[in-house]
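Novice: Residue numbers (our numbering), protein chains in the order written: chain A, 57 to 407; chain B, 500 to 1101.
One or more of the hints may lead you astray.
Facing chain B, according to a computed beta carbon distance under 10 Å, are these residues of chain A, among others [unchecked claim]: (1) 61; (2) 64; (3) 67; (4) 91; (5) 92; (6) 103; (7) 246; (8) 275; (9) 351; (10) 352; (11) 353.
These are computed hints drawn from the structure, not numbers from a lab. Backbone N, C-alpha and C fix where the C-beta goes; we use that ideal spot for every residue, glycine too.
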Amino acid sequence: MSYIKKPKIIRDSDPRNKLGMTFDDYEGVMSTLCAGCGHDSITGAIIQTVFDLNIEPHKMIKLSGIGCSSKTPAYFASQSHGFNSVHGRMPSVATGANAANSELLCIGVSGDGDTLSIGMGQFSHAVRRNLNMLYIIENNGVYGLTKGQFSASADVGSTAKKGAANLQTPIDPCSIAINLGATFVARSFSGDKEQLIPLLKAGLMHRGFAMIDVISPCVTFNDHEGSTKSYLSTRETKREAVYTDYIAPFSEIEVQYEEGSSLEVDLHEGGKVLLRKTDDSFSPLDRSQSINGIKEASDKGEVLTGLLYIDESQPDFTEVENTINGALNSVSYDDLCPGSKALNELLDNYK
Amino acid sequence: MQPTNTKDPQYYHKVVDCQWGCPAHTDVPGYIRHIAQGEYTQAYLLNRESNVFPGILGRVCDRPCEPVCRRVRVEEEPVAICRLKRVAGDLKADFKEHLPPIPKQKNGKRIALIGAGCASLTVANDLLPLGYEIDIFESLPEMGGLIRSNIPKFRLPPEVIDEEFDVIVEQGAKLHLNHPIESMKDLLAEDYDAIFVGTGAPKGRELDLPGRYETDQIFVGIAWLESVAFEHIESVGERVLIIGGGNTAMDCCRTSLRLGGKEVKVLYRGTRDRMKSSDWELEPALEEDVELVLNHSPEEYIIEEGKLVGMKFAVLEWSKDTNGKLKSTKTEEVIIPCDTVILAIGQENSFPWVERDIGLDFDEWEVPLVDPITYESTLSGVFFGGDSAFGPKNIIEAVEHGHQAAISIHKYCHNEPLTDRLPYGMNLVTAKMGIHEWTYSNDYGYENRFEVPTVPMEKRFKDINIEVELGYEPGQFKKEVERCLNCDIQTDFVAELCIECDACIDVCPVNCLMIAENADESELRESIKTPANNLEQALFVSEDLPQTKRVMVKDEDVCIHCGLCAERCPTAAWDMKKFTLEIPYAVDEEKSTHDVKTKQAV
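Bound conformation, chain A alone:
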C-alpha cells in the first residue's frame, strides 16, 4: 500500500463520458493490495467498463465476500452502492438486492476461495437461479490472504512458492457454471485488458448470470517459475477460443469479418456482442462444444479464454419468480401492504 493518496488532477484534455464524468469519478479508495496484484488491474478494467457504458453510479451495486479479491469493490465506483458480505455468502446478498431492486446493475467480485471452496454451494445456486448479475472470479490459484496455500483452482503439478506441487484436481469454474445452467460464461486474464474489457461490458449487459473467470496472478505467492497461474505462464498457455467485441447500442460495427466467420448476439440490456471464431470446432452457442473445448484445451495444458458460452434466451431470476420490475421503494404502500382483507383471501386459498 502507498502512504500517499492518489492525487486528484482533472485536466481539460481528460476524456469524459456521456454523463460528463471522468475516470476519476469512477475510482474508489487507494488499493491496499500488494503492488502488481492482478486484482488491481481488473479494478482498472472495471473502471474503464463502467466509464464506457456511461453508468450512473447510483444505479449500480457492487458486492463481495471475503478475501483479497473481495476487497476490490472498495477500489472502484465509490459513489455506487456496495455490500461486503460474509465469506462465500455474497450470492445470497446479491439475490436479496436483486429482489429488492431488480433495476440495479449488479457486480459481484469474488475469488477462487470465496467461490470454489467456502462459497461453492451459494455460487451453484446463484447460477441455477440465473441471478441477473456480473459475477467476477479473481482467480489466482492460492489463498493469498493466508500466505499462499493452494486453492481449489490450483492446477495439478503447479508448485507453491517453496516448491511443493499441488496434487489435487482443480475445480474449473467455467465448466461447472456451464453445467449448472449459466447463461454467460467467459474466461480472461488480468494482464489482457483488450480482451477483458469487452467481456466485462457484455457480461454487465447480459440478462441473467454472467460469470467471468479472470486469471489474476498473485504477485506475492504465485508468480514464480513452476506456477501455472503466473503472469508469464498465463501468457504462454492462454488461447483465445473466441474473439469478443462489445458493440454499444446505436454504434456502427467498425471491423468487418469474412462472412460465416463471425456472428452477433444481441444483449438484453443493450448493445450486442460480436464474436469471431478462431477455431471451427468451437462455438460459444453450443453448450457441449464449450464443455468439450474447455476440457480438450485443459488436457493440452492450455487455458481457453474469451466468451465460452452465451445463451441470451433464458429467463432470469425475477422473470421466473415473477417478482416486480424495479425497486420495492417505488411500490406504493397500499400495494406493498394490502391489509388484512387481502391476507385473509390469500389464506383462504390454502384451506
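Place chain B on chain A using the hints.
Specialist: What follows is chain B alone, placed relative to chain A:
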C-alpha cells in the same frame, strides 16, 4: 518508435522544465528541496553554482523558468521559483568557506574584463579559482552595470548587489572603478592574455519627433534611471508620460511615482499582448495606479514658450492585411498634457571605444559578430558576453554567457581548440529509502501559489530605497515549496524487469502511461488514455517488454512525479531516480585536461 535513449543527459534534462528553460540550467527542484528542509545555505550554494547571483536574481530575474513550469500544465500558476530563490538568498548563513580556494601560485595568465556587470563577474568567478589574474574595468563609481544603474532600488537594494559582487572581487580580482576604457587598441597593446567585454547595451533609443530638443524635460529612459540611481536626478514633474511597453518602461513609471510623479501614464503603440514587459513587472505598476494607455503612437512633443506642456499621439486601430501582417489605421489625434516625458522604447549596443580597423567586426546594428558557442569575436582572444554580445537580453543569459566565455578564455590561454568543449553529464541515483519512502516529498500539494507580501501602498512612495517586496514569510514558503512537482526525480524504467501487470498504468493519476504494440509516434500519442497532445513534450518508449514484446509508453507532459508507478511496481521496473545535470564549467575543463595529462604521463 525507436526506444528512448535515457542515457543521454538531455532527455531527463528536458523533463525538468524549469532547468531546461533556464539559460544557466539552475537545478531548481534541487534547491527548492533544500529550502523545504531548512538548508538555506545549501540552497544558496546550489544556486550559486550555476547562476552566481541568487540574491539578485531572486528579485529581478526574468524567470524564463516560471512560464514553462510543469505546474502550469496541471493547474494555473507556476511555482514561485524566483521568489524561493530569494528565500535562499535572505536566509543563508555565511557561505564563504564553501567557495573554492584561490591558489596562491597564479597560473601566469592575465585577463581584462571590461564592465563590472553580471557577465564579467561571472567570468571572474569562474577563472579566479584556476589561478588567473583578473583586472576589472568599470566606468561608473560602483560595480553592477545595468542592475546598479537601471534597476530601481525599490526592486533591488544596493546591499544585495554589493554582497554578491564583493564576494567575487574579494577572491582576488583587481577592480578599477571610474576607469572607462577609451580605446580597445590601447588595451590590446597591454599585456593581457585575453579580454572579455561585458559592457551591456548602454544606449537608450531616441525618439526624434518635433520639439525633441526644445526642452530639458524629455529623458531617455535608461540614462534617466542611471541618473536617478546615482542621485543626479531627484525629482520629476507631476504629470509624467512614459513612452514604451517594455520592462524599462515599468521601472521608469514606478520610479517616477517615487520622485514626485502624481499622474503617471505608460503609453504604448500596440495592444497589451504585444507589450514586451513581463506580467510580473506590469502588474505592480498597475497596482501602484500607473495608467496604461494602449494603441497610442507618439507624434509630436508640444512645447509652449520653451516649456513641455504635452504630447500629441495618434490613436491607432490594428487589423491584419491579406498576408496576415498587422497594420495600423489612425483613427484620431489626441494631446495628453504632461510635464515630463521619459522614452523607454529600447536600447542598443554602442562601442564608440572600439576601433573599427583592428579586425573586430560588427553588424549593421553595431552588434559585434560573436560566435554563439565560444563567445569569441572576430578578433582572436577578445570575447563578449551579456547584452554587449547579442544585444539586450536579460541577467540570467548574461551569467550563462559569462560561464561559457570563461571556458573559452581558459581554453584560449592553454592553446586548446575553443570548440572542443566538455559535454553535459548526468548523475542518476535512486530516490528509494523504503518500500514507499522516498528522498523527496512525493505527496501532491494542492495549495495555490502564494503571493509575496509587499509594503503597504501608503508607505511605498516616501523613499525610493524602500524595497516593495518583503519576501516570503516562513509559513508561506514552507507551503510554496510543496507545490514543486520534483521533476528532477525521474521515472526511470527498466524494460527487462517488467511483468506487464498494468499496476503503474492503473494507478497513474494523470493517465500518462500505456503498454501497447509499438507504432509510429502519432499513433502512440493518440492511443494513451489521455491523449498526448502536447508535442513539445517527449514521449518515452521503452525497449520491447520481455513477455509480450509490446512497449511501455509514457507521456512526459503532465507526469507529476508522485512516484505511485514506482510504488505500485512489483519488480522495481519503475524506479524514481534523482537526476543531477552535470554542467561543465571552466574548472571542469581544467580538471579534464589535467586528468588527460596525468593519464598520458602514466
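Novice: Against which earlier hints does the structure fall short, listed by number upward?
Specialist: 9, 10 and 11
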